[in-house]
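Line by line, the protein sequences give chains S and C.
Going by numbering that gives the first Met the number 0, the residue at position 235 of the first sequence is 234; the numbering climbs one at a time, nothing skipped.
Going by numbering that gives the first Met the number 0, the residue at position 475 of the second sequence is 474; the numbering climbs one at a time, nothing skipped.
There may be inaccurate statements among the hints.
As the list claims (entries may be wrong) - Here are the simulated DSSO-like cross-link-like pairs (lysine-lysine), alpha carbons at most 30 Å apart as the crow flies:
no., chain 1, residue 1, chain 2, residue 2
1, C, LYS110, C, LYS189
2, C, LYS225, C, LYS236
3, S, LYS128, C, LYS17
4, S, LYS128, C, LYS347
5, S, LYS131, C, LYS17
6, C, LYS347, S, LYS95
7, C, LYS210, C, LYS176
8, C, LYS110, S, LYS128
9, C, LYS13, S, LYS130
10, C, LYS17, S, LYS95
11, C, LYS344, S, LYS109
12, C, LYS347, S, LYS7
13, S, LYS131, C, LYS13
What the hints assert, rightly or not - To list a few chain C residues with every Cβ distance to chain S over 10 Å, as calculated:
no., residue
14, GLN242
15, SER341
16, PHE477
These aren't lab readings, by the way, just hints derived from the structure by calculation.
All of these numbers come straight from a predicted model, not from anything done at the bench.
In this text, a Cβ means the ideal position worked out from N, Cα and C, and glycines have one as well.
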Amino acid sequence: MSVVLEVKGLTKMFGKRAAVNKASFEVNSGEVFGFLGPNGAGKTTAIKVIMGFLSPDEGEVIINGTNVQKNYEAAMENIGGIVENPEMYRELSGRKNLEMYARIHNNVPKGRIEEVLRIVGMENRADEKIKKYSLGMRQRICLAQALLHRPNLLILDEPTNGLDPAGIKELRDILKHLAHEENVAVMVSSHMLAEMELMCDRVGIINNGKILGIMPIDELLHKTSGDSCYHIKTNDSAACSELLEASYGSGSVKLIDGNSLELSVSEAEVPSVVRLLTENGFDIFNVSPAENSLEDAFISITGGGNSIA
Amino acid sequence: MRKLFALFHNELIKIFSKTATWILIIIMVVSQIGLGAILKLTGINDVPSFADSETSDYMKEQEEYIKTLKEDENKQQYVADGETDPVKKLEALNDLAQTKAEIYAYEFAAKNGMARNQLQMYSYDNYLMTCFDKLVELKSGEYLYDLASDLIKDTVNGNPLMKAGIGSIINLITGNKTRIAAYEEIIINKDYKKFIQMSNDEIYSDKSKTKDEKDIEVYCNNLRLKSDPTGSENNWKAEEMIQNIGKAKLSLLHNVNYVFDANQNVPLTEDEKIQIKNLLAVNTYTMEQGILSDYDQADNMDSLSIMSNIGMMFVIVLTMILAGGSISQEIATGSIKSLIISPVKRWKIFTAKLLSVIFTSFFATLILYISSMATALIFFGKGAMIPYVFAVNGVAKELNFFVYRFSLLMVGFIDVFAYTLFAMMLSTVTRNTAVSVAAPIGVYFSSSIILAFTKLISNDLIVKFFPLTNLGLEDKFFPFTDYAMLYGECLKHSLRFSLIYVCVMCLCMLVTALDSFNRRDLN
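Here chain C stands alone, though its shape is the one from the complex (with noise of 0.2 Å):
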């Protein structure tokens, strides 16, 4: 043991006394400083609002659609006006009622200063937009009322179905006046809890739905209001965590996957049962709890990930590079002659060169977490840092934000290990540096491309064993993250055959490379 912390020692000092390792480290931590800089410079988490928005660009276009409408209008009123069959002209005068209430809303948002169109740039759950679009439904349906009196008398008689159509417009028109005037009020005074009270109305009066599916929709509406008080924040995540939310209810309710892409002709499994169970508690937990960050509008994958998945590839490029030329590096200088005629086993000297390389490894690791942390806390502040909520048997728990962080890198750490042996065995087994750093490099840059193509292979059981499936194990440790949960990755191969199949591979290569160290000359 004391020659193997010695060859240990000695490795270590010969790697930190390269200049190149300390370069890398460097960078990474630039890379680090200078990427939290520009993603905060670019605003990818900054929360989109109308007063950033050119607003009088938008009215003036507002402006010009309008009269564009208006020229519409005359077109199909010309249109409707000249219809002789009762089927056709209905059909003319509900374009023409369309219209019209296109143009009322258009007139009625330039009136109370605000764009509809403006409002169409962040269309996503934009309550403002499904007031106007309500209002344009209801008006609309009032206006053809109007224009299509005479004809719709005209035709009732005749044909007792009409009449019991018309009958049902004619009630339903009524109503709308005072829904009407609602929605024109929550425009006017941008009263979200009121459009959310409007919104569980029509959802209790909704006679397709039994009692325990309205209450679903209603309590997702509650959320809403709950996690977006004045329903200006825009915030995507947040609705998409609402409407997995109803999905997982649902599912339970009719024992049915909603949620993910399954056939839904099935009942759920067992498996899926529970899937949906823990879903539902971290999704409700997070809502319910405010865990949310306030940067949470960008892709999938947030600023930190960004980060820390660049910062990442520098540690994976510093280890190949001190792994793949461990072994051949040191034949080709001959410095490996004053290593072998000491008086220590060459598997000594091998495990010493292992050891040596994951320390450094783990060492750029924690400087990269240590300065991906300092920088998001700098530039993006607190309110980036949201703990990990995850769910066990439907219970939701929450983890540190640090404490998750630090071992989602841990877990990145374990494909690490898996490039650095791999590394190490060609070092040794092809005692070419160029072959043993760039191999490992190339699989690890292109795997995405690769794991690409194996999507396009049918057989399961290829992909199972296929080796870099098995790698990327953040999703299967940290299933609740937003990408595992959007892409069901999680859902593929489990964590535990995962692992076991990472360690089998682990120990061929060890074993290979041990045993080609050992026994090879060295001419």
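Excised from the complex, chain S in its bound form (with noise of 0.2 Å):
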């Protein structure tokens, strides 16, 4: 794994307020990074400084080792994006809107135009005009426009906007393709925690700017809860929350449904508990250890303003 998006102390205002706000991570080859954050958190200001579109205040973005303000042409060669809702020529078709991209750069050998819809899964629609394309089409095809010159960076914002659960599986799909077979970095923003969950290595969660912290998704989900959870299924869970309720505390047990409790207790004391609903006569189907999910994370995080670092 080597770093191919080096962003350092980056820093974009407007007016008097910052959006970016010295912001500083890095996407290595090989993996999927997941650029989280609420809405006007910065993320796609942070996205737009990166690709050119923005000009920082402050720091500087190095792709490849190669400064994009003072060398823009070199740094941006290996890069391909989607950035909002990006529009493509109405009046031509899919294809020809990808053989004018695969024009000004120097290393689109021929068939890639057809590799590439296939990969999108347009090869049957790409001579039709862009304005008859349906929005997920559109967004497909600006996928293949991305990847047209094989970048070895991929920076796509909100890439499953428009995509049907398919659609969304097949870009999981591809993009965890690219990263962990092809070696390219990917960074994606999105607001689908739950697909960012299944897809991203590593994720960065940005908010007023200020980006909180950057780890594996593994250990995020992990840290932020304090006690062990555990799960249970039984036969009655409103009578066994109350059982529970007076050995353990309310606030340690949570009812999920009829059938379903959770409850906060360390590793050792859960021999006991099953004893305890066991010896009162209640059924127990299933005690499992109950995991964060990244919305709970990313909620927590943002919400209470914490850093995870």
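With the hints as a guide, bring the two chains together.
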């Protein structure tokens, strides 16, 4: 793994407001890096600065060892991306749009256009005009364009917009393949946390322009809870809940539904819990550790303003 | 360079994939054909001839007019008979003589199957009208002498001045009988050559002019005969040219500017001398070589110019739409993003867009040229395709018609380039397509009104540095066209100044646009 994208102390001001405030992070080859944050956190602004739409007020962006501000053309040579809702030229077909893009790059061989069209599943619709495409189809063509010149850094801002569930799964598989098999550095920003949980290797969380933390996703999911939490499946979770509250305190029990509850205890106390319930006549079907979701982690971090570093 | 060319190629694909581009080009071509047909059908270039007119109606009108004149004659006779004061009587007899002469002239015309009032319809240089007028002048003198002979005798003896005056009148009248007969013969035979000869004789007998002045007038007369041997073409343009030749020669003779609207109390400057020599050379060459279109009867602008100007409007509109939307439209739709994330610097993107708009505009201009030439050839024939005659240091030269027309369009293209840069500058600065397209189109179509207002400004410096006065360089590159020479526009600001001004103006707009596009964030 090598560093493909380095962002150092990046700051972007809009008037007096810092949309991005001394943000620093790296994206490595062979990983999918998730860039998370609530609306208005500064994700898209940061991506726009990286890709040259906006100029930074402070800091620098280095892609493949080349400073974007100092040598724009060389820096952008191996980068592909989708930013916000990109549009192609509506009067031209998908294929024509790709041909135009390929013309600008040095290294797009013949046949590559067909290849990327197959990757995104647009080979049968490529000769229709863009204005006839649905949102999802336009998104696919934009992805095809981003992949055309085999970039080693792919930056995707909300790439799942407009895609159906099958399309989202396809995209996830494509990005994971690119990262893990073809060693591409992939940076994705999205609000679809469930997807990010399935797709990303590492995440960076941003809020109010500041990076709150960057770490592998597994670590993030386990880091936010103090005690372990166990999921118990029983025949009468309400009655169980009353019994457990009496022994362990009301704050440690959370009723899920008629058959399930969650109990916050240490691992050593699990056997005692099982004995208590069985001695009182309750049937226990399952006891397993309950993992935090990325959503829980995300809300707890960005809502509380806590850093996870 | 490779990337710049690739971007240029892409921009051309985008432009020519737009339906609006082709629609405007097709409408432009159709307008040329349509205009050519309309101008041909409405006969704007047709030479009016007597055969076209309703001669019988004019003859009837003439008959009625003669009756009216005879009634006037009777009344005037009555007044004259009743007048006792010699001076007043002479005046009354003079009026009567004039009326009698008019009656004579009209009756003469009627007897020879002509309607004098019909000739007045084409009265610009109609020699027959002149003959009739001369006839009236001479006959009225004759009639006056006959009517007032007793009165003259009575007054002569007591008045030596009158005696001297009457003597010269008598001599004049004797000579007039010969002239009257000659004019009548010219009218009957429609002998234009004889008319010119008579006119030349009269010029040479005029003792108030110098020999050189007389030679100039006679030279002009001979040019009239040469360009129109029968005197029936009524070519006002030829007449104007001949008059200009006369004025130019006189100007050089007297060292005073008779040609342009100038102070005639000061001697010619060296520049004016050269301008007048050039004007003389151009007009003389044109007349002597017979380089006059069969179709020069219309206004200042001939049909080809009308077609060309209207065609150019389409080119301008197309160019403004493309240039005005080049940046702002892409920002609005978001398609600029794929350009920005390409590995190309922004100035190359801008340059490619500018070059593609200029190329498209040039392409449209070329189509305009071909379609207007083809239309002119089909509808007006080769007679309308006269070369452009110009002069350098008093020596006349000729430029092939097709080369001239093409060059004219290319000079017009300078305006197109300036407006393109204006639109692109607005497109990058305002990022508003409506403003970027509407503003340059508005300025272009209201330029003649704006320029008219500048003529009200007395400060020459303000006018000199006003952008619009330095555009429209056709008259400066080709100052020997009718329009340019007629209004002397070519004299106002030099071509060199205007070219430098336009270059500087374009450079400023280019730098502003590039700087805005390069440095501003694309949010």
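Here is how each hint holds up against the structure:
1. For the hint pairing C/LYS110 with C/LYS189, the CA-to-CA distance comes to about 14 Å; that is within 30 Å, so the pair holds.
2. Restraint check: the Cα-Cα separation between C/LYS225 and C/LYS236 comes to about 14 Å, which is no more than 30 Å; the hinted pair holds.
3. About 12 Å separates the Cα atoms of S/LYS128 and C/LYS17, which keeps this hinted pair within 30 Å; it holds.
4. Among the hinted pairs, S/LYS128 with C/LYS347 is consistent with the structure: their alpha-carbon atoms are about 27 Å apart, no more than 30 Å.
5. Our distance criterion of 30 Å between C-alpha atoms is met by S/LYS131 and C/LYS17, whose separation comes to about 16 Å.
6. A hinted pair counts as satisfied when its Cα atoms are at most 30 Å apart, and C/LYS347 with S/LYS95 qualifies at roughly 21 Å.
7. Under the criterion of a C-alpha separation no larger than 30 Å, the hint pairing C/LYS210 with C/LYS176 is consistent with the structure, at around 27 Å.
8. Using a Cα cut-off of 30 Å, the hinted pair C/LYS110 and S/LYS128 is violated, with the two alpha carbons roughly 81 Å apart.
9. For the hint linking C/LYS13 to S/LYS130, the alpha-carbon distance of about 14 Å falls within 30 Å, and the restraint holds.
10. Of the supplied pair hints, the one linking C/LYS17 and S/LYS95 holds, its CA atoms being roughly 14 Å apart against a limit of 30 Å.
11. The suggested pairing of C/LYS344 with S/LYS109 holds, with an alpha-carbon distance near 25 Å, which does not exceed 30 Å.
12. Pair hint C/LYS347 plus S/LYS7 holds up; C-alpha atoms about 28 Å apart against a cutoff of 30 Å.
13. Straight-line distance between C-alpha atoms of S/LYS131 and C/LYS13 comes to about 17 Å, which keeps the hinted pair within the 30 Å bound.
14. Against chain S, the non-interface label of C/GLN242 holds: every CB pair exceeds 10 Å, the least being about 58 Å.
15. A cut-off of 10 Å between C-beta atoms contradicts the statement that C/SER341 is not in contact with chain S; the least separation is 5 Å.
16. Taking the minimum C-beta to C-beta distance to chain S, about 40 Å, the non-interface status of C/PHE477 holds against the 10 Å cut.
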